[in-house]
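> These protein sequence lines are chains F and Z, in that order.
Numbering follows the numbering used here, in which position 196 of the first sequence is assigned residue number 205; successive positions increment by one, without gaps.
Numbering follows the numbering used here, in which position 555 of the second sequence is assigned residue number 791; successive positions increment by one, without gaps.
Read the hints as simulated data drawn from the structure, not as lab findings.
Hints may be right or wrong, so weigh each one.
As the list claims (entries may be wrong) - Chain F is faced by these chain Z residues, among others (derived, beta-carbon under 7 Å): (1) G486; (2) R490; (3) M570; (4) P605; (5) S652; (6) V654; (7) S657.
Since the structure is predicted, the reported quantities are computational estimates derived from the model, not experimental observations.
Heads up, the beta-carbon is just placed ideally off N, CA and C, and yes, glycines get one too.
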Amino acid sequence: MALLSVTSPHIHKPGNTGGFMRQVLYATLPGLFMLTYFFGFGTLINVVIASAVAMGCEALILKVRNKPIAFYLNDYSAVVTAVLLALAIPPTAPWWLTVIGCAFAIVVAKHLYGGLGMNPFNPAMVGYVLLLISFPKEMTTWLPAAGLDNSVNVPGVFESLRLTFLGTNPDALSGATPLDTFKTYAGQPEVLDSNAILHGTFAGYGWEWVNIAFLLGGVYLIWKKIITWHIPAGMLLSIFLLSGFFNTAVDADNYPSIMHHLLSGGTMLGAFFIATDPVTAATSNRGKIIYGFLIGLLTYVIRTWGGYPDAVAFSVLLMNLAAPTLDYYTQPRTYGHRQPNKGLAKPD
Amino acid sequence: MSRRIWDFHGGIHPPQNKKQSSETSIRRAGLPEQLIVPLQQHIGAPGKPCVAVGDRVRKGQMLARANGFVSLPVHAPTSGTVQAIEPRPIQHPSGMDALCVVITPDGEDTWIEHSGVSDYSALDKKEILHRIREAGIAGMGGAGFPSVVKLGVKPDQKIQTLILNAVECEPYITADDRLMRERADEIVQGLQIIGHLITPDEILIGIEDNKPHAIEAMNRATQETDIEVVVVPTKYPSGGEKQLIRMLTGKEVRSGGIPADVGVVCHNTGTAYAIKRAIMDGEPLISRITTLTGDYVADKGNYEVLLGTPVGWLLQQAGVKATDLHRLIMGGPMMGFAVHNMAVPVVKTTNCLLVPTLEEFPDPAAEQPCIRCGTCAQACPVNLLPQQLYWFAKTKEFDKAAHFNLADCIECGACSYVCPSNIPLVQYYRFAKGEIRTQQQEQAKADHARQRFEARQARLAREEEEKERKRQERAKAAAAKQAQKKAAPAEKPAPTAAITGGDDLAKLQTAAASTMKRYKEAQKALATAEKNGTDNLEALQKKVAQLKEKADQAKAAFTSAKSAQAEDAAPPAATKEDPLAALKQASADDFAAYKAAEQALQEAQANNGADTQALQQRVIELKAKSDASKAAMKAARARQKEEIQQQNAASDPVKAAKMEVAKQQVLLKKATKALQAAKDSDAGATDALQENVSAAEQALQAAEHALKKVEEEHA
Numbered sequence: 010m011a012l013l014s015v016t017s018p019h020i021h022k023p024g025n026t027g028g029f030m031r032q033v034l035y036a037t038l039p040g041l042f043m044l045t046y047f048f049g050f051g052t053l054i055n056v057v058i059a060s061a062v063a064m065g066c067e068a069l070i071l072k073v074r075n076k077p078i079a080f081y082l083n084d085y086s087a088v089v090t091a092v093l094l095a096l097a098i099p100p101t102a103p104w105w106l107t108v109i110g111c112a113f114a115i116v117v118a119k120h121l122y123g124g125l126g127m128n129p130f131n132p133a134m135v136g137y138v139l140l141l142i143s144f145p146k147e148m149t150t151w152l153p154a155a156g157l158d159n160s161v162n163v164p165g166v167f168e169s170l171r172l173t174f175l176g177t178n179p180d181a182l183s184g185a186t187p188l189d190t191f192k193t194y195a196g197q198p199e200v201l202d203s204n205a206i207l208h209g210t211f212a213g214y215g216w217e218w219v220n221i222a223f224l225l226g227g228v229y230l231i232w233k234k235i236i237t238w239h240i241p242a243g244m245l246l247s248i249f250l251l252s253g254f255f256n257t258a259v260d261a262d263n264y265p266s267i268m269h270h271l272l273s274g275g276t277m278l279g280a281f282f283i284a285t286d287p288v289t290a291a292t293s294n295r296g297k298i299i300y301g302f303l304i305g306l307l308t309y310v311i312r313t314w315g316g317y318p319d320a321v322a323f324s325v326l327l328m329n330l331a332a333p334t335l336d337y338y339t340q341p342r343t344y345g346h347r348q349p350n351k352g353l354a355k356p357d
Numbered sequence: 237m238s239r240r241i242w243d244f245h246g247g248i249h250p251p252q253n254k255k256q257s258s259e260t261s262i263r264r265a266g267l268p269e270q271l272i273v274p275l276q277q278h279i280g281a282p283g284k285p286c287v288a289v290g291d292r293v294r295k296g297q298m299l300a301r302a303n304g305f306v307s308l309p310v311h312a313p314t315s316g317t318v319q320a321i322e323p324r325p326i327q328h329p330s331g332m333d334a335l336c337v338v339i340t341p342d343g344e345d346t347w348i349e350h351s352g353v354s355d356y357s358a359l360d361k362k363e364i365l366h367r368i369r370e371a372g373i374a375g376m377g378g379a380g381f382p383s384v385v386k387l388g389v390k391p392d393q394k395i396q397t398l399i400l401n402a403v404e405c406e407p408y409i410t411a412d413d414r415l416m417r418e419r420a421d422e423i424v425q426g427l428q429i430i431g432h433l434i435t436p437d438e439i440l441i442g443i444e445d446n447k448p449h450a451i452e453a454m455n456r457a458t459q460e461t462d463i464e465v466v467v468v469p470t471k472y473p474s475g476g477e478k479q480l481i482r483m484l485t486g487k488e489v490r491s492g493g494i495p496a497d498v499g500v501v502c503h504n505t506g507t508a509y510a511i512k513r514a515i516m517d518g519e520p521l522i523s524r525i526t527t528l529t530g531d532y533v534a535d536k537g538n539y540e541v542l543l544g545t546p547v548g549w550l551l552q553q554a555g556v557k558a559t560d561l562h563r564l565i566m567g568g569p570m571m572g573f574a575v576h577n578m579a580v581p582v583v584k585t586t587n588c589l590l591v592p593t594l595e596e597f598p599d600p601a602a603e604q605p606c607i608r609c610g611t612c613a614q615a616c617p618v619n620l621l622p623q624q625l626y627w628f629a630k631t632k633e634f635d636k637a638a639h640f641n642l643a644d645c646i647e648c649g650a651c652s653y654v655c656p657s658n659i660p661l662v663q664y665y666r667f668a669k670g671e672i673r674t675q676q677q678e679q680a681k682a683d684h685a686r687q688r689f690e691a692r693q694a695r696l697a698r699e700e701e702e703k704e705r706k707r708q709e710r711a712k713a714a715a716a717k718q719a720q721k722k723a724a725p726a727e728k729p730a731p732t733a734a735i736t737g738g739d740d741l742a743k744l745q746t747a748a749a750s751t752m753k754r755y756k757e758a759q760k761a762l763a764t765a766e767k768n769g770t771d772n773l774e775a776l777q778k779k780v781a782q783l784k785e786k787a788d789q790a791k792a793a794f795t796s797a798k799s800a801q802a803e804d805a806a807p808p809a810a811t812k813e814d815p816l817a818a819l820k821q822a823s824a825d826d827f828a829a830y831k832a833a834e835q836a837l838q839e840a841q842a843n844n845g846a847d848t849q850a851l852q853q854r855v856i857e858l859k860a861k862s863d864a865s866k867a868a869m870k871a872a873r874a875r876q877k878e879e880i881q882q883q884n885a886a887s888d889p890v891k892a893a894k895m896e897v898a899k900q901q902v903l904l905k906k907a908t909k910a911l912q913a914a915k916d917s918d919a920g921a922t923d924a925l926q927e928n929v930s931a932a933e934q935a936l937q938a939a940e941h942a943l944k945k946v947e948e949e950h951a
């Protein structure tokens, strides 16, 4: 009789990393649904292509690194990266765009840094930024949201497939996002007032619902204890404060409303799914609030005064760099200590 | 009345699994064929055995005494014979054996004489503490710290709150639960004894809200007292001492401190019960309540088990088939230890034996990479950043781990429990803690060595300084003298003889050296001849002897010339020193020669050399010479001493007289001793010795008289 000799604890909460990641995937479903509803099946196709590429690249690299392939594929981390990237890519994007972005995210941004848990930068956002800088035209071509322009139909499955794999004349279908539109016409109140895309129920047409869907997914993640409220709260708070200040106290024609900022572009996807990527974010609760707050601040600054209409990806990558330092200076106060420790080591 | 319950950070809610064992009453486990009583069942030094193999012992008889302040005795759990005192397997994290007293029960279970006191308040507190120590009571919640150490309150310390820890937050365990349900009154009595000892402002009993029957029983038992039962919400690890203190008082025990620092003392339910039995019934701690549970156990429940009962035997009683076990845990599933051997005995801290099936406790899943999800940080009851500690432990950055308060980790296992990547975090922390401990010990050793080295350097520097100072003083004095001499014209011219003497001396030295050399050569030749067994040994020996004589003469001539010259040339102060030094040197030389001869003799004897007789003769001669020179030296030394004394006496008559008295005392003592020795050995000359003694007595009296006189004169 050989008794198993292990040290305590002897019990474990059921579950593993794969289950953890699957929860994230489930939480993206409302947002995915809204994107499909407003912009056709392009995003869904992107998700499928991205997942396949990500799994393929992951398996390849694991083989090269001589690691157990099935064991690592089962953690679903590659799929999460792929899905998050696919959700950020325009539905009209050609297939190779998704392939390049996804392969770069998995091979370079994740595995060249050591694989799961070791990458300093959010892989999906590295892939996204690579595409945005290299292929700005493809990456900024969106469709008009369904119901905005009755002369344009939302592409169906075959139309979306055709767009993705055969390409098409984007001009015929292209439409700007609310963020784009405001940036283009900032300071011209007449144009802004008459532009239907800027006047949905709460904010930009179509996009407001996409963002609300991602918000719902985020609430699900918090409820499931996959993420904590700290990073989204910090990020949304700083966007709220900055947009509120500039919109009401400075100039409403140049600085859009709070709702416009909160419910446009990648705000909610970024706040609940991107910035909260645990590997690359700050880990202490206080650190997470600061981390989120600074992402929101950078996002607002770049959106308002920078060259790009949206900025969640840049902000997250910039703050990824700061996460370790934030952690060192935001340690919690341990039981029995008067003060939290700071920095890396006590001065002698 | 409701009382504020504070919350603590983190915590988890694992499945309780208490119902399996909490619904049947406590049963007696019975008497095994053999009881194995470890001498160390507590934190601290093991007890010292006070019985021998073959002794008959009675139930409750002490088997080993406490060996120090943080140590406890152990007692015989039943009557029987001491079969062995030897190392046996015990529950130890490293699977090590430890010294145990093995008892074969006689089945009669006869108690040693014992009696308790119902009115303990009549006893001196020290006496109560003594009885608790002698009863061998250790904290029965798990750590096993000697209870008496926690009960001895320092006079300058005021304890506000005494807490009875009846939380029992670990899943599966119900020993305290059952004990409270069935023996609440005795627990409360024990708690009152503790209260009597440490006189707190309030006494609280903390129980988790998952034990309604125990809460009811304790409420009933405390009705007539001012003890308050406080119900806390179920959350692991609320039974951790620090967590419970926080929940009930809002206070935090300082890192590295003990609860008494913040005016709180915590004791476990089982401990209070054992204290009651010790004081009011006079029974030492020889049994405890242990939960037997897990799906392999047919008769799950709580058993009153004699300490020393082998685990394998006990499990058989509860219906476990010994062949099909998957794992066996002593303690709870969160903090218990895996038992490696079924022969280990139940000890004072064994609150549970858990025998789960594979379905119940699946094998640990493979460790996945940490994704820093922070679930562990949300679960940590002491508010650490477990994932950071994990990274630091993994990369062996122990200084960083220490800085992130690794030392405050209570190893409750909450972080490992919730980790989605199945990382055995607590194992990493234990590893890091062990490494840090080793490093600190080495650092302490290195520091100690450095301090010693620095102290030595400082001492050497000091001595050097002292020497230098003295040297300078001497130089100054010499310069002053020189100046004096110059001031007064020289009385006699420098002796020219000294120069010629110097020449002679050099010649003599050369002569001495050359004869010495020749002598050595001859000696060597003799040695080789002896080795080769040549015939002309005798001739060679003669030659050696002659040369030796010559060499000695030459040397003596040189030495005498030298000392003569020294006497001439040296200042008068030095002359006093010199004869003694020469004698010393001579004595040492003679002694060395004697020893060398002796050695040669021994060698010769060993080699069966022919000339051992001659050598023996020589040894005797040399010994005599050595003795003589030694005596001469001693005499010279005594003389010198006397001279000095006389000089001193001249300057201080009182001192001189005192010295004289002391001298006479010594003489008298010597004489008495000699007399006594003579008497003892029945020698005839006792009369003469008697006379000596009386003479010495008289001399002493005279000396004392003289001293008195002198003192009077100088008063």
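> Next, verify each hint and record whether it holds.
Right, here's what the structure says about each hint:
{"no.": "1", "hint": "G486", "verdict": "violated (12 Å)"}
{"no.": "2", "hint": "R490", "verdict": "holds (5 Å)"}
{"no.": "3", "hint": "M570", "verdict": "holds (5 Å)"}
{"no.": "4", "hint": "P605", "verdict": "holds (4 Å)"}
{"no.": "5", "hint": "S652", "verdict": "holds (5 Å)"}
{"no.": "6", "hint": "V654", "verdict": "holds (5 Å)"}
{"no.": "7", "hint": "S657", "verdict": "holds (5 Å)"}
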